[in-house]
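Peer 1: These protein sequence lines are chains H and Y, in that order.
For the first sequence, the positions run 1 to 353 when our numbering is used.
For the second sequence, the positions run 1001 to 1266 when our numbering is used.
Calculated from the structure, these hints are not laboratory results.
There's no promise every hint is true.
Stated by the list, open to error - Taking lysine-lysine and the DSS-like style, the derived pairs with C-alpha atoms no more than 25 angstroms apart in a straight line are:
no., chain 1, residue 1, chain 2, residue 2
1, Y, Lys1179, H, Lys103
2, H, Lys180, H, Lys155
3, H, Lys73, Y, Lys1099
4, H, Lys115, H, Lys67
5, H, Lys211, H, Lys22
6, H, Lys103, H, Lys211
7, H, Lys211, H, Lys180
8, H, Lys115, H, Lys211
9, Y, Lys1098, H, Lys115
Unchecked claim - Simulated restraints, written as ranges between beta carbons of each label pair:
no., chain 1, residue 1, chain 2, residue 2, range
10, Y, Leu1187, H, Thr179, 50 to 60 angstroms
11, Y, Val1176, H, Ser219, 35 to 45 angstroms
12, Y, Val1176, H, Ser68, 46 to 56 angstroms
13, Y, Val1176, H, Leu185, 47 to 57 angstroms
14, H, Leu185, Y, Leu1106, 49 to 59 angstroms
15, Y, Leu1187, H, Arg14, 51 to 61 angstroms
16, Y, Trp1123, H, Ser68, 30 to 40 angstroms
Note that the structure is a prediction, hence the values are computed from the model and not measured.
Glycine is no exception: its CB is placed at the ideal position from the N, C-alpha and C atoms.
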Amino acid sequence: MAEPLVVFDNVVKRFGTFEAVKRMNFEIREGEFLALMGPSGCGKTTTLRMLAGLEQPTEGDIRLAGKSLVDVKPHERDTPMVWQSLALFPFLNARENVEFGLKMRGLDGPSRRRKALDWLERLGIGEFGERDVNSLSGGQRQRVALARALVTEPKILLLDEPLSALDAHLVIRMQAVLTKLQRELGITFVYVTHSQSEAFAMADRVVIMSKGEIAQIGSARDIYRTPANRFVAEFVGRNNIFAGTVNGSGNVDTPAGTFTLDGKAKPGERVSFVVAADVVSLSVSRPTARNTFAAQLISEEFVGSMVTLFLEAPGDTEIKVQVQERSLEGIPREPGQTLFLSFDSSHAHILKG
Amino acid sequence: MKDDKLLRWVLAFYTALVFLFVFAPIAASLVFSFNSDRFPTIPLGTFTTDWYVKAFSNPEVWDAALRSLIVSSVTAVIATAIGFSAAYTDYRYDFRGKKAFLVLSLLPPTIPLIILALAMLGWLSMFHASGLTISIIIAHTVLCAPFAMAVIRLRLSQMDPNLEPAAWNLGASEWVTMKSVVIPFTLPSIIASLCLTAAVSFDEFAVAWFVSGLNKTVPVVILEILTGNIDPQVNAIGTAVFLVSITLVVIAQVLVMGRAKKPEAV
């Protein structure tokens, strides 16, 4: 099998003594939508900038289509980027902005113009070609930036938090535009974001980064259901994390209660495991099922028809339960109310590290 | 509400007084340049353009005007080029001693003109380069480059730091980026700087008087006419000089202010 489109081979990036990226090894497959996600300062933008040539790796090699990118100047790479600030040229109109990359490749005026207008048309802003970019709305400017990056028909498109400056409803619309575009073009998208919802909504695979290291690579589903470690479980947010010691009968003693994990752990071992917020069931009276514990209601939060209840179990264990609002009928929801929670042991996922 | 209105009137009146204070001497010069009387007294004599005719038929004035024009244009170009380089260095690079670099770059206008003029005369004499047109150009460039830098630096501070990387990313080398992104972006401030430095050089007297020798500029000629006797043709020359300078300054202001107000990529 041929080498993947992009290979990060033992890449290290230091700024002075600060290690922004620590020995990173991963691959980007041809035609995939890959998200680099993590909190600010995790090294995701540095990783993207190294791919674009705006930063040089301190150690290691980055290969694009089998060729090393070390010593290739940014303007000699074919890795166009959509910037967080968009970085449109304010002294050019929308069409001229899109033409920029073609002009640098020495294309003649009429062909440039035709291609630029085609792309503006394709992104639904054909009529704004001659407009000053400062007079366009946020969404329109976003599309100009996309057209400018895509007009040279690259194999790979880099996106650095491109939607972070937009209103919530525009973000949803642009997500749809981006996923559709990526499918149609079949090119590789590398998308940097701190937003879980953006990454999970669009990406085929998500790389979660923490402090310059890869915490987990996988599909949204993998990451949500089977977080690799505590950092991922906490970052993803919709997880309940329990920590305890496995007792003689193979059950785990935690401050919140004793749980059975179907022999997934050895006696005497310290283990942490997660149970996703949407697989926990809720009742007023103690159910007879296994893996039941009590917790006190603290607050609740609505997102559409879903409601998230925040509770506290013994030992300061924070518990989140996500259910349909309808299913809560008959359950008293005063703060301080004691509720009983249970989960199926098959839904418990043991964390490594 | 009533108090507000009163306050507004008082403020408007005060502002008008300040403008009167600033512009009255210039206005007086303008009025007396068309007055037939030799001495600037009221009541005025009759309207005349004689002083303009006299001033502009004086070959020394024409000579000085031409020299002023050459000095101010050449100064403007060199000072703006130096100012642009310094401003871009400040924008683009971080290095040890950058603070010292900035202070030194912006220092010349804070030196008293007489001191600067004397120093220039002494320095240029060492190279036998005093008393020439080029001496005035060198001295004025020293004086004007900081203004150029300040104006261009203001514009560069409004430039998205990703704008240059965006151009490289689209295939433009550093030099092509300079030509097709940095210069177009800063063009209003470059023109403003050209106008402003030309105006400063065109008006400047003290330094020019020290280093010009026999190659006089307009302000130097005005003073020489004045020291000889009271002659209303200086009003005529002064008015013409003022019109040239104010035009340049207004162009500079419009370019700097007009662009500063425009929202840039956020």
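Peer 1: For each hint, tell me whether it holds in the structure or not.
Peer 2: Okay, the hints, checked on the actual structure:
no.	hint	result
1	Lys1179(Y) <-> Lys103(H)	holds, 13 angstroms
2	Lys180(H) <-> Lys155(H)	holds, 16 angstroms
3	Lys73(H) <-> Lys1099(Y)	violated, 30 angstroms
4	Lys115(H) <-> Lys67(H)	violated, 29 angstroms
5	Lys211(H) <-> Lys22(H)	holds, 8 angstroms
6	Lys103(H) <-> Lys211(H)	violated, 40 angstroms
7	Lys211(H) <-> Lys180(H)	violated, 32 angstroms
8	Lys115(H) <-> Lys211(H)	violated, 42 angstroms
9	Lys1098(Y) <-> Lys115(H)	violated, 45 angstroms
10	Leu1187(Y) <-> Thr179(H): 50 to 60 angstroms	violated, 40 angstroms
11	Val1176(Y) <-> Ser219(H): 35 to 45 angstroms	holds, 42 angstroms
12	Val1176(Y) <-> Ser68(H): 46 to 56 angstroms	violated, 25 angstroms
13	Val1176(Y) <-> Leu185(H): 47 to 57 angstroms	violated, 27 angstroms
14	Leu185(H) <-> Leu1106(Y): 49 to 59 angstroms	holds, 51 angstroms
15	Leu1187(Y) <-> Arg14(H): 51 to 61 angstroms	violated, 39 angstroms
16	Trp1123(Y) <-> Ser68(H): 30 to 40 angstroms	violated, 54 angstroms
Against the hints set out earlier in the document, violations occur for numbers 3, 4, 6, 7, 8, 9, 10, 12, 13, 15 and 16.
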